[in-house]
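There are 2 protein chains.
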Amino acid sequence: MQIRHCRSDDYLNVSSVIKTWWNGRDMKLPRLFFEHFQNTSFIIENDAQEVIGFLIGFISQSQPNEAYIHFVGVHPEYRKKGLAQKLYDLFFLEVKMHDVHQVRCITSIINKQSIAFHTRIGFEIVNGDKEIEGIQVHSNHGGEGVDRVLFVKGLNEFE
Amino acid sequence: MQIRHCRSDDYLNVSSVIKTWWNGRDMKLPRLFFEHFQNTSFIIENDAQEVIGFLIGFISQSQPNEAYIHFVGVHPEYRKKGLAQKLYDLFFLEVKMHDVHQVRCITSIINKQSIAFHTRIGFEIVNGDKEIEGIQVHSNHGGEGVDRVLFVKGLNEFE
Chain C
1 MQIRHCRSDD YLNVSSVIKT WWNGRDMKLP RLFFEHFQNT SFIIENDAQE VIGFLIGFIS
61 QSQPNEAYIH FVGVHPEYRK KGLAQKLYDL FFLEVKMHDV HQVRCITSII NKQSIAFHTR
121 IGFEIVNGDK EIEGIQVHSN HGGEGVDRVL FVKGLNEFE
Chain G
1 MQIRHCRSDD YLNVSSVIKT WWNGRDMKLP RLFFEHFQNT SFIIENDAQE VIGFLIGFIS
61 QSQPNEAYIH FVGVHPEYRK KGLAQKLYDL FFLEVKMHDV HQVRCITSII NKQSIAFHTR
121 IGFEIVNGDK EIEGIQVHSN HGGEGVDRVL FVKGLNEFE
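Line order of the protein sequences matches chains C and G.
The opening residue of the first sequence carries number 1 in full-length UniProt numbering; numbering runs sequentially from there.
The opening residue of the second sequence carries number 1 in full-length UniProt numbering; numbering runs sequentially from there.
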């Protein structure tokens, strides 16, 4: 198993596995992240050099002390082995070296697994304008009618 | 008419006009650009403060001397008035102040208008791996079976 920064030529591999890993859901991930955010994006490959996990993130250009994690995926057969946690930890280490103090990400209210995961690794849910099933939600955050759960995590430099 | 940097709260307005401006095509533009790339993204409003044009771009994080223009739109009733050109010029000025020497963007081979526009304002087409109707194209650039035309423009500091 190898973990490394992402490269432009990972794009085809990653975009082709997304449909399978998300049970056929057509998630769009534009190539630009693989071209321009390589230093804060990571790939995990198995010994056969197949992609088994990836994290796409960046440092906010307008708020340079913040970073954002956009897209994370782990091969279904390699789940529950701590790979996602490993990707997040590496991202935190990387962005801390660039004076980032907090990391943000978002998810859908239906994605209970993602909400549980982010809460477990230390993200807090940002208060929104309504509550659904006990969870604070931001209405229309992803466009008209598209509610989102927002997460934030402070980065402690001694962690 | 007013031109200004984009803000988070422009997202709903812009995402709601996109469908109309693109004749019903469902173009996805994630909110993250409006949150994290405000200083290199611009909005034009008319006197009634309606959005009539926008440009979403950023400085490449991995190649800091490059910038990328991701999404540009002009209200159909305000086309052919030089608004797109104005948005690009402002983007060039902004990124030059951050030592950017070249700007990249991409389009589809079917978008002849976009190809003509970019060529007119000084972009060059990057040589690809095949030619379609006399235009150099990069196969699978946007994913399996999705070919793209790539543009690059050098920024001259005395321009």
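Honestly, the hints are just simulated from the structure, not real lab data.
Errors might be hidden in some of the hints.
The list treats identical chains as interchangeable, and a pair is accepted whether it falls inside one copy or across any two copies.
Said to hold, decoys possible - Keeping only pairs whose Cα atoms sit at most 20 Å apart, straight-line, the calculated EDC-like set for lysine to aspartate or glutamate is: (1) K153 x E35; (2) K86 x E50; (3) K19 x E131; (4) K112 x E35; (5) K28 x D89; (6) K80 x D129; (7) K130 x D9; (8) K96 x E50; (9) K153 x D9; (10) K19 x E45; (11) K28 x E144; (12) K80 x E133; (13) K80 x E35; (14) K96 x E45; (15) K80 x D26; (16) K19 x E144; (17) K112 x D9; (18) K28 x E66; (19) K130 x E77; (20) K80 x E131; (21) K19 x E94; (22) K153 x D99.
Do the hints match the structure? See the list:
Only between protomers do K153 and E35 lie at most 20 Å apart by alpha-carbon distance; the minimum there is 17 Å, versus 26 Å within a single protomer. Proximity of K86 and E50 under a CA criterion of 20 Å is satisfied intra-copy only: 17 Å inside one chain copy versus 45 Å between copies. In this assembly of identical chains, K19 and E131 lie within 20 Å of each other by CA distance neither inside one copy nor across copies; the values are 31 Å within and 30 Å between. Within a single copy, K112 and E35 get their C-alpha atoms no closer than 31 Å, and across copies no closer than 24 Å, so neither meets the 20 Å cut-off.
Taking the closest pair of Cα atoms, K28 and D89 never come within 20 Å of each other, the shortest separation being 25 Å inside a single copy and 29 Å across copies. Within a single copy, K80 and D129 get their C-alpha atoms no closer than 33 Å, and across copies no closer than 41 Å, so neither meets the 20 Å cut-off. For a Cα distance limit of 20 Å, the shortest separation of K130 from D9 across copies, 18 Å, qualifies, whereas the shortest one inside one copy, 42 Å, does not. Proximity of K96 and E50 under a CA criterion of 20 Å is satisfied in neither setting, with 29 Å inside one chain copy and 39 Å between copies.
Taking the closest pair of Cα atoms, K153 and D9 never come within 20 Å of each other, the shortest separation being 31 Å inside a single copy and 23 Å across copies. Taking the shortest Cα distances, K19 and E45 sit within 20 Å of each other inside one copy (18 Å), while across copies they are farther apart (38 Å). For a Cα distance limit of 20 Å, the shortest separation of K28 from E144 qualifies both inside one copy, at 18 Å, and across copies, at 13 Å. For the homomeric pair K80 and E133, neither the shortest alpha-carbon distance inside one copy (26 Å) nor that between copies (50 Å) is at most 20 Å.
In the homo-oligomer, the alpha carbons of K80 and E35 never lie at most 20 Å apart, since the shortest distance is 29 Å inside one protomer and 32 Å across protomers. Proximity of K96 and E45 under a CA criterion of 20 Å is satisfied in neither setting, with 24 Å inside one chain copy and 38 Å between copies. Proximity of K80 and D26 under a CA criterion of 20 Å is satisfied in neither setting, with 23 Å inside one chain copy and 35 Å between copies. Proximity of K19 and E144 under a CA criterion of 20 Å is satisfied inter-copy only: 12 Å between copies versus 25 Å inside one chain copy.
Taking the closest pair of Cα atoms, K112 and D9 never come within 20 Å of each other, the shortest separation being 32 Å inside a single copy and 27 Å across copies. In this homomeric assembly, K28 and E66 never come within 20 Å of each other (Cα to Cα): the closest approach is 24 Å inside a single copy and 24 Å across copies. Taking identical chains as interchangeable, the C-alpha atoms of K130 and E77 are never at most 20 Å apart, the minima being 36 Å within one chain and 37 Å between chains. For the identical chains of this complex, K80 and E131 are neighbours neither inside a copy (29 Å) nor across copies (46 Å), given an alpha-carbon limit of 20 Å.
Proximity of K19 and E94 under a CA criterion of 20 Å is satisfied in neither setting, with 28 Å inside one chain copy and 38 Å between copies. Taking the shortest alpha-carbon separations for K153 and D99, only the intra-copy value of 14 Å comes in at or below 20 Å, while the best inter-copy value is 32 Å.
Going down the numbered hints, you'll see the structure goes against 3, 4, 5, 6, 8, 9, 12, 13, 14, 15, 17, 18, 19, 20 and 21, while the others check out.
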